[in-house]
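Novice: Could you build the full structure based on these sequences and the hints that come with them?
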Amino acid sequence: MRTQAIWWVGIFLDGLILFRSCCWKMRSEYPFFYSYVVATFLTSGLLFLVYRFLPSDYQYFYWTTDFVTLVVGCGVMLEIVKHALDPYAGAERFGRWAVVTVFAATFAYVCLRELIVPGWSPAVSTVELERDLRLVQALILFALLFVIFHYRIALGRNLKGMVVGYGIYVAASLMSLALRSYSGSILDAAWKIIQPFSYDAAVAIWAIALWSYSPNPIPNAAALANDYESLVSRTRGMLGAMRSILEKGVRP
Amino acid sequence: MHLILFLLLGAGLLVLLFLIARRARPVAGSAQSLREARQALSALQEWALPSGVLERVFAKQDMAYVLSSTPPDVQRLFLQERRKVAFLWVCQVHKSVGLLRNFHLSQARFYERLSLGTEIELAFSFAALLFACRVLQVALYAGGSSAAPWMIEKTAEAVTRLCQVSEKSLEFLSPAPEKAIVDGPASGNFPV
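These protein sequence lines are chains A and B, in that order. Residue 171 in my numbering sits at position 171 of the first sequence, and the numbers go up by one each step. Residue 98 in my numbering sits at position 98 of the second sequence, and the numbers go up by one each step.
It is worth saying that the hints were derived from the structure and are not from the lab. For each residue, glycine too, the CB sits at the ideal point set by N, CA and C. Some hints here could point you the wrong way.
[What the hints assert, rightly or not] Simulated restraints, written as ranges between beta carbons of each label pair: (1) B:87 <-> A:68: 54 to 64 Å; (2) A:108 <-> B:123: 19 to 29 Å; (3) B:4 <-> A:114: 16 to 26 Å; (4) B:8 <-> A:67: 23 to 33 Å; (5) A:105 <-> B:75: 35 to 45 Å; (6) A:105 <-> B:67: 28 to 38 Å; (7) A:67 <-> B:112: 35 to 45 Å.
Specialist: Structure, rendered in structure tokens:
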């Protein structure tokens with residue numbers, strides 16, 4: 001009963017987000033994000049019907065739809081890159097470099113492991129496979145958030161909600177899947193609550209953050225370009241002067 | 001071992017999300033960060049870094065004189081006041097370095113030709129310097145102004161290195177200013 005309540009709350013909030021997106025015409029602004037919400041809304045509804053009428057096939061449907069939403073979920077990260085990092089060419093370069101490094105490191109790790117340990121497989125069960133995919137997702141998200149945090153990039157209400165909601169869901173999924181694959185079926189009951197509950201938390205955050213359209217603050221790049229040359233020349237002068245003072249200070 | 005890594009990554013992600021969610025004021029535009037950087041540099045130049053100030057705040061001769069030829073009350077007051085001044089000096093350097101970092105980040109994020117190596121080097125230099133300031137504060141709190149003269153020297157050396165790297169990192173941002181410094185009227189506006 002409790003599981004079903006969590007389920008219904010998720011479907012209701014997904015529907016609410018989609019309804020609000022129609023009111024504010026936000027789907028064209030965040031197409032990848034709303035594709036993900038549509039995908040989860042449809043798969044949750046489908047899974048509910050399967051659970052009610054074809055319970056023996058539920059496991060199969062669950063893992064299939066889970067992988068579909070996991071892949072579509074990468075669109076949320078594309079949305080973050082597109083809206084948060086696009087106006088900042090330097091930070092975007094850093095973010096791109098970080099994402100490529102994570103992919104390359106993961107790929108190299110899997111290849112090397114297969115070469116060194118014959119017969120080794122990245123995942124022996126669906127739980128482990130999902131956990132490993134979530135790990136890659138978490139690493140990429142971590143790298144992107146680190147760039148956003150490091151360069152103090154301003155996030156609007158919509159984007160901040162997307163980032164926080166999705167981040168909570170990915171982190172909770174990663175931790176619960178890791179615990180589940182480690183402890184076997186002992187934590188099954190807890191996992192069945194934690195996974196959908198963390199999704200409900202994410203959807204609740206999205207419903208609040210995306211209640212109305214709030215664009216991401218765009219930096220005034222034109223004004224910056226105009227005053228940047230004088231800015232750099234002044235800064236270089238100040239740094240040079242500061243250095244000479246410091247050198248005097250260290251070696252009087 | 002794997003489980004711990006997964007849990008740590010999940011927890012790290014949640015911490016980062018928390019920090020991003022609670023951050024009230026991101027780095028402002030160019031005008032404000034430029035003003036703050038100027039304030040930071042002029043504060044450093046005017047009183048925090050000149051060699052006379054450094055020598056006087058941490059001079060051993062003054063302390064030796066006061067400790068040898070004044071009553072205990074005066075000695076205690078002297079040590080208290082000196083610790084306060086030294087503490088203020090470190091706080092000012094810490095604040096100024098933080099403002100300079102903000103200035104650098106607020107500008108560098110826009111430039112496509114940003115050098116990743118320089119950025120990483122700078123990030124470590126800033127972090128090391130801010131950490132050194134904190135260590136210095138603890139040392140001063142625990143042992144007074146005479147506790148860490150070598151650390152003061154190391155901190156000043158680190159600031160010097162940081163300035164060299166910062167200057168180098170700013171070169172790629174715009175090749176034109178080189179000329180502006182020599183010819184342009186902007187060169188006369190340095191607050192130095």
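Novice: For which of the previously enumerated hints does the structure constitute a violation, in increasing order of number?
Specialist: 5, 6
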